[in-house]
Amino acid sequence: MASSIANGSGGRDALRFYLTKIVQFVLVLATTLLGLVAVTFLIGRVVPIDPVIAIVGDRAPAHVYERARQELGLDLPLIQQFWIYLKKAVTGDFGNSVLTTNPVMVDIANAFPATFELATLGTLIGTLIGIPLGVLAAVKRGSLLDQFVRFIGLAGYSIPIFWLGLMGLLLFYAKLGWVAGPGRIDVTYSYLYTPVTGIVLVDTAMQGQWDAFWDAVSHIVLPACLLGYFSLAYISRMTRSFMLNELAQEYVIAARVKGLSEMRVIWKHALRNAAVPLVTVIALSYANLLEGSVLTETVFAWPGLGQYITNSLQNADMNAVLGGTLAIGTVFVLLNLVSDLLYRLLDPRTR
Amino acid sequence: MVATMATSFSAVQAATPPDTLVQAWQMDDIISLDPAEVFEFTASELLGNTYERLIAYDYKDVSKLYGEVAESWTVSPDGKTFTFKVRQGKKFASGNPLTAEDAVYSLQRAVILDKSPAFILGQFGFTKDNVKDKIKQTGPYEFTMELDKAYAPTFVLYCMTSSVASVVDKKLVMQNEKDGDMGYNWLKTKYAGSGPFSIRDWKANEVVVLERNPHYDKKAPLARVIYRHIKETATQRLMLEKGDVDIARNLNPEEIEALSKNPDIKVDSGPKGGLWYLGLNQKNPNLAKPEVREALKYLVDYSAIADTIMKHKGTVHQAFLPKGFLGANTDNPYKLDVAKAKELLAKAGLKDGFSVTMDTRSTADVTGTAQAIQATFAQAGVKLEIIPGDGKQTLTKYRERRHDIYIGRWGADYQDPNTNADTFAANDDNSDNAKAKPLSWRNAWDPGPLTAQTRAAVLEKDAEKRAAMYQDLQKSVLKDGPFIIYLQEIEVAAQRKNVDGFIIGPSFDTNSVAQAKKN
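Residue numbers (the working numbering), protein chains in the order written: chain Y, 696 to 1046; chain E, 0 to 518.
Mixed in with the good hints there might be a few duds.
[To be verified] Straight-line alpha carbon distances no greater than 20 Å define the calculated PhoX-like cross-link-like pairs of lysine-lysine that follow:
1) Y:Lys870 with E:Lys241
2) E:Lys339 with E:Lys382
3) E:Lys346 with E:Lys478
4) Y:Lys870 with E:Lys382
[To be verified] Per the computed footprint, the stretches of chain Y lying under chain E, defined by three or more beta-carbons under 8 Å from a beta-carbon of chain E, are:
5) 765-773
6) 946-960
7) 999-1012
Treat the hints as calculated values from the structure; they're not laboratory data.
Built from N, CA and C at the ideal position, the CB exists for glycine as well.
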C-alpha cells in the first residue's frame, strides 16, 4: 500500500498515486467480492438446511414444494447454479429475499441505513471519548485514572453486550424513563416523514419534523452509547499503548528538552504519531459495527443489517445472505481505502 | 452525562394512544399477505382480522358453524353440490359491494394460483382446469360448488372457514393484475378484503399497521392496531411493563410468572390446535418394535413437563386430535411408569435398554423438554443422545427421514379433524419417493388399515358417527403409532389491565382484535 516515491515533481506523482490507488481499489474490490460470493455460495449450498421450507413452509403439499424447488434452480448442478447467480449479479439482479419477498438490494437499502446510523454514532462516541481517555491514561501511567481506563477496557471486553443492553433498557428505559424503548422511532411519528436517506435522524431533521427527530434521538441514544462504550473500550486501550510507545521515543525527549510545553508535546507530537496506527484501529472497529451488531440489534429491535442477515441465514435464504455479505465486503474494502488515504495524509513517509 | 442528555428528551411517551392497540410480537415468518398463499401462523392471524371467510365457527364452541359471507347453504340430495347464498349489503374496505362474483373469484383464484394452502380446496377435486366449471355463480348473490365425492358436510364447511376461503375484492385485485397473475404480485404485500380492519402497511420484520374498516357491519371499537416485531422476549416484557405496548405475545414461562404479580398486567391464555410430540423413525430397528414404541410412551413424565418447563405453554394431551376438534379424545392414558416400560423392553429383547438419538431444536423450551425426557428414558436404560440444531436444520433432516427421534410441534392446517388424521393416521405410500409425505411417512410408519378408515371418515355424513370414527383412529394411533404426543399448545398473551376484548381463539387465525378496546 505504501507506494514510496523518492523524488520528482509532486503534482504528477500525486496523480499517479491516486490513479494506482483507484485501479488497485477496483481490483481488490472485484477479487474480494468474487471470493466472498464463491465461499458464501458454497457454504449456503452445503448447510444442512432446506431453503425451500422457508418459502413454502413445512406444511406445503409435495407438488408445491417441488415447484418452488425448481423455481429456485436447486435441481441444477452446483456450478451451474453459481454461474446463473453470477450472471444475474453482474447486471445488478441479486434475486429476491424469500422472507420479505423484496429484491435483496431493496432490503439492504432499508436495513443498512439503520445500521449505519447506529454504527456511526457509536464510533463517534467511542472515538471522541476513547482517544482522550487513552492519552490521559498513558500520560498518567499507573495513576488512578489509568487504572480506571484499564478497567473500562477490560469490562468492555468481558461483559456480554446482550446483557449490558438489557440492563441498560431496564435502568434507563423501564425504571428511570430517560430514554425511549426499543425500535428506531415511535410508531406515532413514523408516518410523519418520508424516508429519503433512510437515516431517521437526517430525514426528520431535513423535513423539519422536530418532534419526530427528538423521538428518534431518544431511541438511538441508548444503543449508540452501548456500542460507543464497546468501541471506546477498544480505542482507549489501543490509544494508551500506542501513546506509551511514542512517549518513550527520543523525539519526545528532544521536544521536552527544546522547552515545548507538555501539552504540546503530548497532543501535537506524540499523538500525531500515534494517530497513524489508530486510524486502522478506528476503521476496524467502525467496520465491525457496520457489519451489524446482531445482539444489540436484537435487544433493541433495531431493524438493521445484522438482524437481517442472521435471520436470513437461519432460514437458508441464500439470496439475502449473499447480498448482505457482498454489501459488508464492499464496506470493508471501502473503509480500507479510506484508512489508506488517511495514512497518506497523516504520515509523510507514505507520500 | 447520560442524565443531562436524557432530560432534554421530552418526546418519551408514557402510554400508547387510547384508540390504538399496540402488540409486541415475533413475526418474522410473514412471507405474504395474499389469502391464496398465507399459511404461516402470524400472517393467518392478520388475515383473520382483515378478511371475511365464507363460513366461520364459534370461538367458544368449535362445533357451531355459521355463515360469515355466506348467509345460508343447502346440500343436494346426492351430497355433491353445495349451494351458497351470499349476504347482501356487504362492502369491501374499498367501498366496492361484495357479491357472489367475488366469492366465486376468490375460490377459483386460490385453486388456480395453487400455493401452499390451495390443497385445502383441492381435496374436493378442484383443479386449475376444472375449477371454473365446478364453482359457478348462479345469481348475483348465489353460487354453487360441485365436489367430486359426497364428502361429510362438516368436512367441507370447516375447510371453508380457513383463510384460503377468504373473500377478496375482485374488482380491486383485477385492477392490479399484471400478465395474468390474478393480482398475486400486488396482493402479496397489499390488501383487498372486507374484515373489521384493513391492512394499511407491512414493513417486513418491523411493523404491521391495521386500520378500522369503515364499511364493516360491526364497527371495530379501535381505530388502529399495530403489531411490532420484537424478537427478544425480555424486551417485550419491558415494553409491556412500561406501557409502550398493550399486549406482549411471546413471553416465556418465567416472564409470565413474574408479570402475573404486576397489578397493571393481566395474563390470558387459550388452547390452540398445535401439538408437541416425538416422532419415532421406524427405519430404526429398535424403534420399529411395537413393545419399544409403547415402552417409550411410559417413559415420559407428561405432567412434570406441563407443570414446569412448558408451564403456560402447554397442557397434557396425548391423542392426535387437539381438544376443541370434532371427536377429540382427551383420555390421556399414559403416564410415567418405569416398571411397566422395563417389562415391555424386556419383552422386546432389550432388557438392558438401547442407545438412540434425538434431533432437537436448540430453543430453551424444546431443549428443556428433551433433557427431561432424556432423564426419564435413562431410568429404564434407554440412553438418549440429544443432537442440537437450528429449527430449519432439524426439520430438513426429519423431512428426509434421517432422524431416530424428532421432537417438534405440529399445527392443524384447518379446523376439521381430517387435517390431523390425514397426517398422523394415514400413509398411502411408505416408499422413499412417495408423492404425499405426511408425518406417518416422515417416520416411515405404515398404519395399515387406518389409512382406509381415515379416508372413509371424511365421507361420513352423520356428525356423531364421524366423531366416533375419529375416536377409534386416535385409540389405534395412541396404542401403536410412532408418535408420543405429550402436550397441546396453549397460547398466552400478557396484556395491560385496560385492554378488553382481545380474544385468543382456538386456532392461529382466530386471535381476534375485532371487538378489542381500551378502557
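Hints the structure violates: just list their numbers, smallest first.
4, 5 and 6
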